[in-house]
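S.K.: Spelled out, the chains give:
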Amino acid sequence: GAGVSQSPSNKVTEKGKDVELRCDPISGHTALYWYRQSLGQGLEFLIYFQGNSAPDKSGLPSDRFSAERTGGSVSTLTIQRTQQEDSAVYLCASRAGGGSHEQYFGPGTRLTVT
Amino acid sequence: KQEVTQIPAALSVPEGENLVLNCSFTDSAIYNLQWFRQDPGKGLTSLLLIQSSQREQTSGRLNASLDKSSGRSTLYIAASQPGDSATYLCACTYYSNYQLIWGAGTKLIIKP
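Just so you know, the protein sequences line up as chains B and C, in that order. Each number in my numbering corresponds to the 1-based position in the first sequence with 50 added. Each number in my numbering corresponds to the 1-based position in the second sequence with 9 added.
Any given hint might turn out to be false.
[Claimed, not checked] So the derived label-pair ranges between C-beta atoms look like this:
| no. | chain 1 | residue 1 | chain 2 | residue 2 | range |
| --- | --- | --- | --- | --- | --- |
| 1 | B | 55 | C | 90 | 28 to 34 Å |
| 2 | C | 64 | B | 101 | 31 to 37 Å |
| 3 | B | 77 | C | 118 | 35 to 41 Å |
| 4 | C | 26 | B | 108 | 40 to 46 Å |
| 5 | C | 60 | B | 103 | 20 to 26 Å |
| 6 | B | 62 | C | 60 | 38 to 44 Å |
| 7 | B | 133 | C | 36 | 30 to 36 Å |
| 8 | C | 67 | B | 104 | 38 to 44 Å |
| 9 | B | 59 | C | 40 | 29 to 35 Å |
| 10 | B | 63 | C | 24 | 38 to 44 Å |
| 11 | C | 68 | B | 55 | 21 to 27 Å |
| 12 | B | 64 | C | 63 | 47 to 53 Å |
| 13 | C | 88 | B | 128 | 43 to 49 Å |
| 14 | B | 130 | C | 24 | 46 to 52 Å |
Hints were generated in silico from the structure; no laboratory data involved. Quick reminder that beta carbons are idealized off the backbone N, C-alpha and C, glycines included.
Using the sequences and the accompanying hints, generate a full structural model.
M.R.: Shown next as structure tokens:
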């Protein structure tokens, strides 16, 4: 079946512009995560959605970052007034929920802020 | 603070050798531990997931072990092949929100 998809695969933007990154989770998965992988650094958690519960935003690095998940499916990560340090690969993962805790990852969006 | 450490950071071995990658975690109250593979410019592929109640998991030439008491996991790769070259990441899931806490990875190169 279809896995997690993300778009765009690559995004180059100018400093100060806003960007939106999209994630389509596996159908039926109730949990959705965003992670960021900066060059030469490990992955870091950004935000977590579980069903209709309030999202866990504890990993968002600043108030320029926000995310929403519409209809319990597609999620959009928005970065306002992008800075060069925002350049990274942004990864989305989904999880079936219930007793399953394996996360399935999308291919990521490589964001470059010039 | 929950931290995950992977040693070595990089490893280069000849084809055919058996090898072990190491992962350690500071908080032993994990829910599960996963090993992932990441190829350059590509996403993450889950290799093995070990629940906290398990000691090991096997898939083909891969075997992952878990010792919660010592805060350690190993990934054993048998009869390595050039196609195994990638970065291997270890990540722990904790009960709080099931987010993954990641190690920095081990970059593995298998020389033909």
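S.K.: It remains to establish, for every hint, whether it holds in the given structure.
M.R.: For each hint, the structure was consulted:
no.	hint	verdict
1	B:55 / C:90: 28 to 34 Å	holds (29 Å)
2	C:64 / B:101: 31 to 37 Å	holds (32 Å)
3	B:77 / C:118: 35 to 41 Å	holds (37 Å)
4	C:26 / B:108: 40 to 46 Å	holds (42 Å)
5	C:60 / B:103: 20 to 26 Å	holds (24 Å)
6	B:62 / C:60: 38 to 44 Å	holds (41 Å)
7	B:133 / C:36: 30 to 36 Å	holds (32 Å)
8	C:67 / B:104: 38 to 44 Å	holds (39 Å)
9	B:59 / C:40: 29 to 35 Å	holds (31 Å)
10	B:63 / C:24: 38 to 44 Å	holds (42 Å)
11	C:68 / B:55: 21 to 27 Å	holds (25 Å)
12	B:64 / C:63: 47 to 53 Å	holds (49 Å)
13	C:88 / B:128: 43 to 49 Å	holds (46 Å)
14	B:130 / C:24: 46 to 52 Å	holds (48 Å)
The structure agrees with every numbered hint stated previously.
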